[in-house]
Amino acid sequence: MTVANFFDSLDYGPAPESDSNVRAWLAGHDGAFGHFINGRFVAAKQAGTLATIEPATGDKLADTALGTVEDLDDAVKAAAKAQTAWAAMGGKARARHLYALARMVQRHGRLFAVLEALDNGKPIRETRDLDVPLVARHFYHHAGWAELQDSELSGFKPIGVIGQIIPWNFPLLMLAWKVAPALALGNTVVLKPAESTPLTALLFAELAARSGLPAGVLNVVTGDGSTGAALVNHEGVGKIAFTGSTDVGRIIRADTAGSGKSLTLELGGKSPFIVFDDADIESAIEGVVDAIWFNQGQVCCAGSRLLVQESIHDRFIARLKERMDTLRVGHPLDKAIDLGAIIDPTQLERISSLVQKGVEEGAEAYAPAIEIPGNGSFFPPTLLTNVEPASTVAVEEIFGPVMVAMSFRTPDDAVALANNTRYGLAASVWSENISLALDIAPQLKAGVVWVNATNLFDAGVGFGGYRESGFGREGGLEGAYEYLKLKSWESRKPYKSLPAVPAVEATDSFEPMDVDRTAKLYVGGKQVRPDGNYSINIVSPKGKIIGEMGEGNRKDIRNAVEAAHKASSWASASTHLRAQILYYLGENLSARSHEFAARLTAMTGAKKSDAEKEVSASIDRLFTYAAWADKFDGAVHSPPLRGVALAMNEPIGVAGVICPDEAPLLGFVSLVAPLVAMGNRVVAVPSERYGLIAADFYQVLDTSDVPSGVVNIVTGHAMELATTLADHDGVDVVWAFAGADISKMVEARSVGNMKRTFVDNGLATDWLDPAVGEGRHFLRNAVQVKNIWIPYGE
Amino acid sequence: MSDIISMGETGTHAPGLHGNAIVRNAGHALELDWINEIHVNRSAVERRCATLGGRRSVKKDAQAGWLLKAITCIDLTTLSGDDTAARVRRLCAKARHPVRQDLLEALGVADRQITTGAVCVYHRFVAEAVAALDGTFIPVAAVSTGFPAGLSPHDTKLREIEASVADGASEIDIVVTREHVLTGNWQALYDEMRDFRQACGDAHVKAILATGDLRTLRNVGRASMVCMMAGADFIKTSTGKESANATLPVSLVMLRMIRHFHERTGNIVGFKPAGGISTAKDVLAYQVLMKEELGRRWLEPDLLRFGASSLLSDIERQLEHHVTGRYSAFNRHPMA
Numbered sequence: 001m002t003v004a005n006f007f008d009s010l011d012y013g014p015a016p017e018s019d020s021n022v023r024a025w026l027a028g029h030d031g032a033f034g035h036f037i038n039g040r041f042v043a044a045k046q047a048g049t050l051a052t053i054e055p056a057t058g059d060k061l062a063d064t065a066l067g068t069v070e071d072l073d074d075a076v077k078a079a080a081k082a083q084t085a086w087a088a089m090g091g092k093a094r095a096r097h098l099y100a101l102a103r104m105v106q107r108h109g110r111l112f113a114v115l116e117a118l119d120n121g122k123p124i125r126e127t128r129d130l131d132v133p134l135v136a137r138h139f140y141h142h143a144g145w146a147e148l149q150d151s152e153l154s155g156f157k158p159i160g161v162i163g164q165i166i167p168w169n170f171p172l173l174m175l176a177w178k179v180a181p182a183l184a185l186g187n188t189v190v191l192k193p194a195e196s197t198p199l200t201a202l203l204f205a206e207l208a209a210r211s212g213l214p215a216g217v218l219n220v221v222t223g224d225g226s227t228g229a230a231l232v233n234h235e236g237v238g239k240i241a242f243t244g245s246t247d248v249g250r251i252i253r254a255d256t257a258g259s260g261k262s263l264t265l266e267l268g269g270k271s272p273f274i275v276f277d278d279a280d281i282e283s284a285i286e287g288v289v290d291a292i293w294f295n296q297g298q299v300c301c302a303g304s305r306l307l308v309q310e311s312i313h314d315r316f317i318a319r320l321k322e323r324m325d326t327l328r329v330g331h332p333l334d335k336a337i338d339l340g341a342i343i344d345p346t347q348l349e350r351i352s353s354l355v356q357k358g359v360e361e362g363a364e365a366y367a368p369a370i371e372i373p374g375n376g377s378f379f380p381p382t383l384l385t386n387v388e389p390a391s392t393v394a395v396e397e398i399f400g401p402v403m404v405a406m407s408f409r410t411p412d413d414a415v416a417l418a419n420n421t422r423y424g425l426a427a428s429v430w431s432e433n434i435s436l437a438l439d440i441a442p443q444l445k446a447g448v449v450w451v452n453a454t455n456l457f458d459a460g461v462g463f464g465g466y467r468e469s470g471f472g473r474e475g476g477l478e479g480a481y482e483y484l485k486l487k488s489w490e491s492r493k494p495y496k497s498l499p500a501v502p503a504v505e506a507t508d509s510f511e512p513m514d515v516d517r518t519a520k521l522y523v524g525g526k527q528v529r530p531d532g533n534y535s536i537n538i539v540s541p542k543g544k545i546i547g548e549m550g551e552g553n554r555k556d557i558r559n560a561v562e563a564a565h566k567a568s569s570w571a572s573a574s575t576h577l578r579a580q581i582l583y584y585l586g587e588n589l590s591a592r593s594h595e596f597a598a599r600l601t602a603m604t605g606a607k608k609s610d611a612e613k614e615v616s617a618s619i620d621r622l623f624t625y626a627a628w629a630d631k632f633d634g635a636v637h638s639p640p641l642r643g644v645a646l647a648m649n650e651p652i653g654v655a656g657v658i659c660p661d662e663a664p665l666l667g668f669v670s671l672v673a674p675l676v677a678m679g680n681r682v683v684a685v686p687s688e689r690y691g692l693i694a695a696d697f698y699q700v701l702d703t704s705d706v707p708s709g710v711v712n713i714v715t716g717h718a719m720e721l722a723t724t725l726a727d728h729d730g731v732d733v734v735w736a737f738a739g740a741d742i743s744k745m746v747e748a749r750s751v752g753n754m755k756r757t758f759v760d761n762g763l764a765t766d767w768l769d770p771a772v773g774e775g776r777h778f779l780r781n782a783v784q785v786k787n788i789w790i791p792y793g794e
Numbered sequence: 001m002s003d004i005i006s007m008g009e010t011g012t013h014a015p016g017l018h019g020n021a022i023v024r025n026a027g028h029a030l031e032l033d034w035i036n037e038i039h040v041n042r043s044a045v046e047r048r049c050a051t052l053g054g055r056r057s058v059k060k061d062a063q064a065g066w067l068l069k070a071i072t073c074i075d076l077t078t079l080s081g082d083d084t085a086a087r088v089r090r091l092c093a094k095a096r097h098p099v100r101q102d103l104l105e106a107l108g109v110a111d112r113q114i115t116t117g118a119v120c121v122y123h124r125f126v127a128e129a130v131a132a133l134d135g136t137f138i139p140v141a142a143v144s145t146g147f148p149a150g151l152s153p154h155d156t157k158l159r160e161i162e163a164s165v166a167d168g169a170s171e172i173d174i175v176v177t178r179e180h181v182l183t184g185n186w187q188a189l190y191d192e193m194r195d196f197r198q199a200c201g202d203a204h205v206k207a208i209l210a211t212g213d214l215r216t217l218r219n220v221g222r223a224s225m226v227c228m229m230a231g232a233d234f235i236k237t238s239t240g241k242e243s244a245n246a247t248l249p250v251s252l253v254m255l256r257m258i259r260h261f262h263e264r265t266g267n268i269v270g271f272k273p274a275g276g277i278s279t280a281k282d283v284l285a286y287q288v289l290m291k292e293e294l295g296r297r298w299l300e301p302d303l304l305r306f307g308a309s310s311l312l313s314d315i316e317r318q319l320e321h322h323v324t325g326r327y328s329a330f331n332r333h334p335m336a
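For the record, the sequence lines run as chains A and B.
Under this note's numbering, the first residue of the first sequence is numbered 1, with each subsequent residue one higher.
Under this note's numbering, the first residue of the second sequence is numbered 1, with each subsequent residue one higher.
The following block holds chain A by itself, in its conformation from the complex (with noise of 0.2 angstroms):
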């Protein structure tokens, strides 16, 4: 093509980026890597080494090592004898070398652009004017929590070695999202890059020790899933973030469950983009190709189901094909291009395979005639159209350039449709009505919601799951404490063994207090006998039966669950009005303080004035937690836009809650209180030796206008009814504060619909003691942080 042709055409020229110096670096290193460990690369322990190949052409790019446990083991143990001096030069120490991160990516922005390009097969657009600017901003966002931890977060200290995998499609994003503040605030870190993407990580090593970060500070171990495995297991490591697949986080759930590892998982999504009628429709298609067509749509958190309003579905279908007439698919390096390389053969044979069965399943391809290059992994944009809630293509997760478009009619079928998923990850919501946006918003399922945008990133808003995308967030002050531990837990001890019961001497030891009372479930504020009609003795240290207790089974579970489902109304309800009913019920058991005192002391053989000073405690629990029901708000944050973007805390939904047999009635104040007050529905479980005080409890609910369903107890085996609640799929959140082998099978079966755990992991909560027993900790355990962008501008 000469000057006159392009003058004739005005075709687009080929504008390839340049990528010597990537060449020349690897050149540099022979085209092979080991690992990164204690500030230097070191070979690995075992032969054996992974190749990583440019999606965009099939060459590969260079070897590296395939990390074993032997490399593990030296990573882990360089992390830990780093992390002391690294923790102990304080804060202000370290923001110097989180500034330092920043300015090095900055410094060398192309050659980590161009590298990804490469090696990811996305778009030089992106991980230019995207990834690395995300990138440098997290470092410089986190050298401010590092300045600021000594006085922001004195309560805390942290972790200690931090094991982290990434995921392939964002490599260096997602390395910073992860080590910045695990860095920050004083820990060290053992890094696996994804397999087939490990170069920028190992360059940015490279270069931060350069930039004078200490040596073991960050070790990076190349490998594939056998080397996360052996991470995730290896004992040195006191937390796990992982961003990847749901199925692997359930393993990896599953594997730490009962280590007391700390664990945030960022998994995946199929996430609604909604489009009403009074959108901007033409920026709404805008917002299409950005959500879907954004990294090839290998985007956890991209709108993949299109939601438009019927009275513009046509239309907008439409003018969408049109748009996508005008993509252009092609090499990473070529800066004319909207889409890039699929990863990998496999993952381009899953989503075409996923297409088919779409097609298959009824619904309608369409793919724009553009020119897809022809060697190396690509595949075009792809709209699906008549495609039902229940295809195939609108349930899973494609991860590939692929929307599926549906339609609603009203608000309210939006909203369903939208949280018709297993998924919670992210919404966007177009409209011009700020009114019904900003309804829409708290109503979706997801922990991040774009208003009139999509795919909004900065690392100081938080960033995380609902349901089975995941819990914990990264970014923000949320996203710091997830790299934190709290000083006043550490002093918990394992549990003391409680003297056993002891055996009833005969049936005329039965020592009912007053008038014989019949102690049963409360389910859907009613008090309703279990299931199945067994009751089990409540005994006293001398042996005296002084009540039976309803022996509750899965089925009461079950219809407590219900019940709580349908309380959902508690989540909306004003925090003035949780505040006035936990009040209430504060007053309300004080006015019967005398009664539950001398419950205690026949129960568990207290001292009348022990069990008065946990009835007290219990008292002064209800009006804590009342305090707080209108104060624990959330936050607007300013990211670097025309805009806000606003932090909701809102209820995690329905917790199911296993209490303990130590201080069993201010245990199981102190737990269902915090829930309570920040809008969740409890199905609690009371102690299962002293579970009667749960049964004078219901008559202080049912005299404090609790609502129906708020609130519920099915008392019987702690183990059974834990493993039940850990296993129902409606149950959002399971705290388990009744010992280390209930702790340890909650965590391991919340992977059903990856629910939340809060659990002591058999270590002993001194409940009297204000400073472990209740606050900000418990409250942040009880809600989860919903970020919602809204740029403005007329």
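Wrong hints could be hidden among the right ones.
Which residues of chain A face chain B? A partial, calculated answer using Cβ under 8 angstroms [as the list claims (entries may be wrong)]: (1) 1; (2) 11; (3) 129; (4) 335.
Examples of chain A residues toward chain B, derived with CB under 10 angstroms [what the hints assert, rightly or not]: (5) 8; (6) 153; (7) 154; (8) 635.
Since the hints were made in silico from the structure, they are not lab data.
For each residue, glycine too, the CB sits at the ideal point set by N, CA and C.
Use these hints to put chain B onto chain A, whose structure you have.
Frame of chain A; chain B shown alone:
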């Protein structure tokens, strides 16, 4: 598909003013529904504009070709209080030969008869410009209707148009009464524009919206739609005298309105960004925006004009750089 006008064979024979000519916008009855349903989200529009540069890069030979095409779309303009006949003659000479012949030869486009799209002046100099451009196909455009504020009596405005047409102007750049937009008086805007179009006769009319005065993108969208319904051949962003000139977001909104209007009525309207477009880089961004939003056909001078005065000098320097590999200087190119 966004090439909504058939181009025949793609590429080799670009249609211009003298081939594959488009039918003038016939206009349409005022449809208030079309106005009321216009929604524009500013942040989203800005985002589209901000990312487009990274999505479409035009480099090397392609860039030279595009910049040469841009020259053919320039309304080479002088609109100063100190304009004189000699100044206008100088401008016309530059319009005839916008690029040094040696550069055109080196670029292999000496046979393309490259001139600017038009020369744009005040009414006083229309006759002078027409004379100076005698023997070329370069049209003379006159700014009119009480340019730039547009607050003369309506009848005076119509007489002004007629006078310029009588002097030989074949394009009239009118300004709308901003008050009609700011008060939502769409009927008044429509009537005014329709009268202007009628007064122009065979001369093409470009409607200057003065987007800097309209303030909001929604106003820009609505005013664009009304002017097109009333028969504007082009919609144009600015006079160059408002505090804010042409911007990519404003342009994007106008282009989307052009597309909607075409979808609804089949009529084709051109676009003229004006004011503040002074570098080759700027002009490429506008060309890319046109191509992406409306398609290849809208890159020809019968549907795209750039209202500019200093832009040409920068393009000349870029072209020389393309030929020699050395950065150029202004004094190496004849001034307008």
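Structure-based check of each hint:
no., hint, in the structure
1, 1, "holds (6 angstroms)"
2, 11, "holds (7 angstroms)"
3, 129, "holds (5 angstroms)"
4, 335, "holds (4 angstroms)"
5, 8, "holds (5 angstroms)"
6, 153, "violated (33 angstroms)"
7, 154, "violated (38 angstroms)"
8, 635, "violated (21 angstroms)"
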